[in-house]
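Colleague: Dock chain B against the given chain A, drawing on the hints supplied.
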Amino acid sequence: MKKSALQYWLRYYRAEIRAALLIQLQYRAAFVIWLLEMIIEPVVYLVVWSTVARARGGEVGGFSPEDFAAYFIVFMLVNHFTYSWTFYVFEERVRTGKLSFRLLRPLHPIHSDLAFNLTYKFLTLVVMLPTGIGLTLAFHPAFEFTAGQVLLAVPAVALAFGVRFVFEWAYALVAFWTTRIMALNEMYYVILLFLSGQVAPLSLFPDWVQTLSYVLPFRWMVAFPVELLLGHLDRGQIIAGFVAQAAWLGLSFLLLKWLWARGVRRYSAVGG
Amino acid sequence: MRVFLTLFRVNLLFELAYRSNFFVQALESLSHLAFSILGLALVYSHTAELNGWSVYELLALVGVFFAIGGLIGFIIQPSLQQFMQDIQKGTLDFALVKPVDAQLLVSMQSMRIWKLTDVLLGAGLIGFSMWKLQTAWSWLRVGQFALALLDGAIIVYSFWMIMATLAFWLIRVENLLVIFESLYEAGRWPIGIYPGWLRMALTFIVPVAFATTVPARALTGRAQPEVLLAATGMAVALMVLARIIWNIGLRHYSGASA
Chain A
1 MKKSALQYWL
11 RYYRAEIRAA
21 LLIQLQYRAA
31 FVIWLLEMII
41 EPVVYLVVWS
51 TVARARGGEV
61 GGFSPEDFAA
71 YFIVFMLVNH
81 FTYSWTFYVF
91 EERVRTGKLS
101 FRLLRPLHPI
111 HSDLAFNLTY
121 KFLTLVVMLP
131 TGIGLTLAFH
141 PAFEFTAGQV
151 LLAVPAVALA
161 FGVRFVFEWA
171 YALVAFWTTR
181 IMALNEMYYV
191 ILLFLSGQVA
201 PLSLFPDWVQ
211 TLSYVLPFRW
221 MVAFPVELLL
231 GHLDRGQIIA
241 GFVAQAAWLG
251 LSFLLLKWLW
261 ARGVRRYSAV
271 GG
Chain B
273 MRVFLTLFRV
283 NLLFELAYRS
293 NFFVQALESL
303 SHLAFSILGL
313 ALVYSHTAEL
323 NGWSVYELLA
333 LVGVFFAIGG
343 LIGFIIQPSL
353 QQFMQDIQKG
363 TLDFALVKPV
373 DAQLLVSMQS
383 MRIWKLTDVL
393 LGAGLIGFSM
403 WKLQTAWSWL
413 RVGQFALALL
423 DGAIIVYSFW
433 MIMATLAFWL
443 IRVENLLVIF
453 ESLYEAGRWP
463 IGIYPGWLRM
473 ALTFIVPVAF
483 ATTVPARALT
493 GRAQPEVLLA
503 ATGMAVALMV
513 LARIIWNIGL
523 RHYSGASA
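These protein sequences, in sequence, are chains A and B.
Read in my numbering, the first sequence has 53 at position 53, and its numbers run on one by one without any break.
Numbering-wise, my numbering comes out as the position in the second sequence, counting from 1, plus 272.
Note that these hints are calculated values from the structure, not bench results.
Every residue gets a Cβ at the ideal spot worked out from N, C-alpha and C, and that includes glycine.
So these bits of chain B aren't anywhere near chain A, every CB distance computed over 12 angstroms:
hint	residue
1	280
2	285
3	438
4	440
Cβ-to-Cβ under 8 angstroms is the rule here; a few derived chain A residues that face chain B:
hint	residue
5	37
6	48
7	51
8	52
9	55
10	56
11	61
12	180
13	186
14	193
15	200
16	204
17	205
One chain only, chain A, in its complex shape (with noise of 0.2 angstroms):
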């Protein structure tokens, strides 16, 4: 029985991952604009947080441009892995009325995000790679991994993605009670680029915000891998991320849940 579950989520997976596979080596080039989004960004960043530490004759909260240049192509990688975009198209489904044609599978639709998703993540990893290698000639950026740190970052990595993923599914929903959902999606984009460390370490941060931050669910979003694989965070620091990561993962569920079970019942589509 329990063999048979299992080779009905493969076989399920696979099948989604095929599709997605083919719908996106259609889509290459819009592909790549989003990665070129992905890039930029970080760059900016890095040469703007360089120059202030110059400025200030070489470091600037502890980070010198070698810091940020490690700090950045290194945030540009995980949140490549995390990132996700559900609530920029969840609000055309609702709209349109395609969310009926996925409520008519068997499976919650959140499935077939997540083949999509995680297809498109290893199809794009062979711009990204590239791309950090790139960056790490250009930049000359201080990284120093030690195994320990590299094996901690892979599941804080999972995990950030989990919450992420979840969390940002479960916001999506919004959807279902107004359809002007654009400009807080773009309220939600701002909040994420400060509080995820996207902007600046969360350390160069006024002291209020990185308390607003540890409780927040976006540290744990992108950050908090981030400073693990730099080797910022000591044993406690560590343990409390994981835990938070947890914990944030658990609620996202719950809210998804809660929100997903009110949302269907709101949503009425033509001929549905």
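Modeller: Below, chain B alone, put in the same frame as chain A:
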């Protein structure tokens, strides 16, 4: 100009039918503004100047960034996207048979009125920074700024126009233009902070520098005459080039009805 006013009226009437879009746009603009200002506040909490720019000088740069970005979003992008679609579908004929210059017409055929919010916001930011900087007014500086801004607008427009005209030969040019949009983000910061190769690319390959940094420098009274001269030269050259490519492209075009 009369063509512009007529088209503006038509577009305005159209957009007034969808007023709630204005609030969406306003929220979007305010989010961008908050993002820019918070970013500046964070950077300047650690330093007094960035590459020779004080905080209000950089705020003026952000103002120019918003204004030019708003201009692109208001008229350049929607018009030229329409233009590229027309080439693909063969409906460009409708523009060609009208008794005005066709390049002019396609360049202003579609407007997103609410994007003017960004232009106004940019102007407000520029005004506020000037007030904070206690700048001494001089006609020379106003003139320099106006010239630099005009150059920047022309350069950006010509660049878009050239890219869009490539649609006569290539099919998927929209993507190239999206690349410009993401590179334009780099213009939020002074071009001088970027390493040499990137600065070159942002000046000559994708002329972001002329659109934001140069006007902001003129505004804060630090534009060297030779830079302004170069910007003007580049504006004229690109405009002529855009026209030449447009003419060649038109010869290449055969419409749906031809």
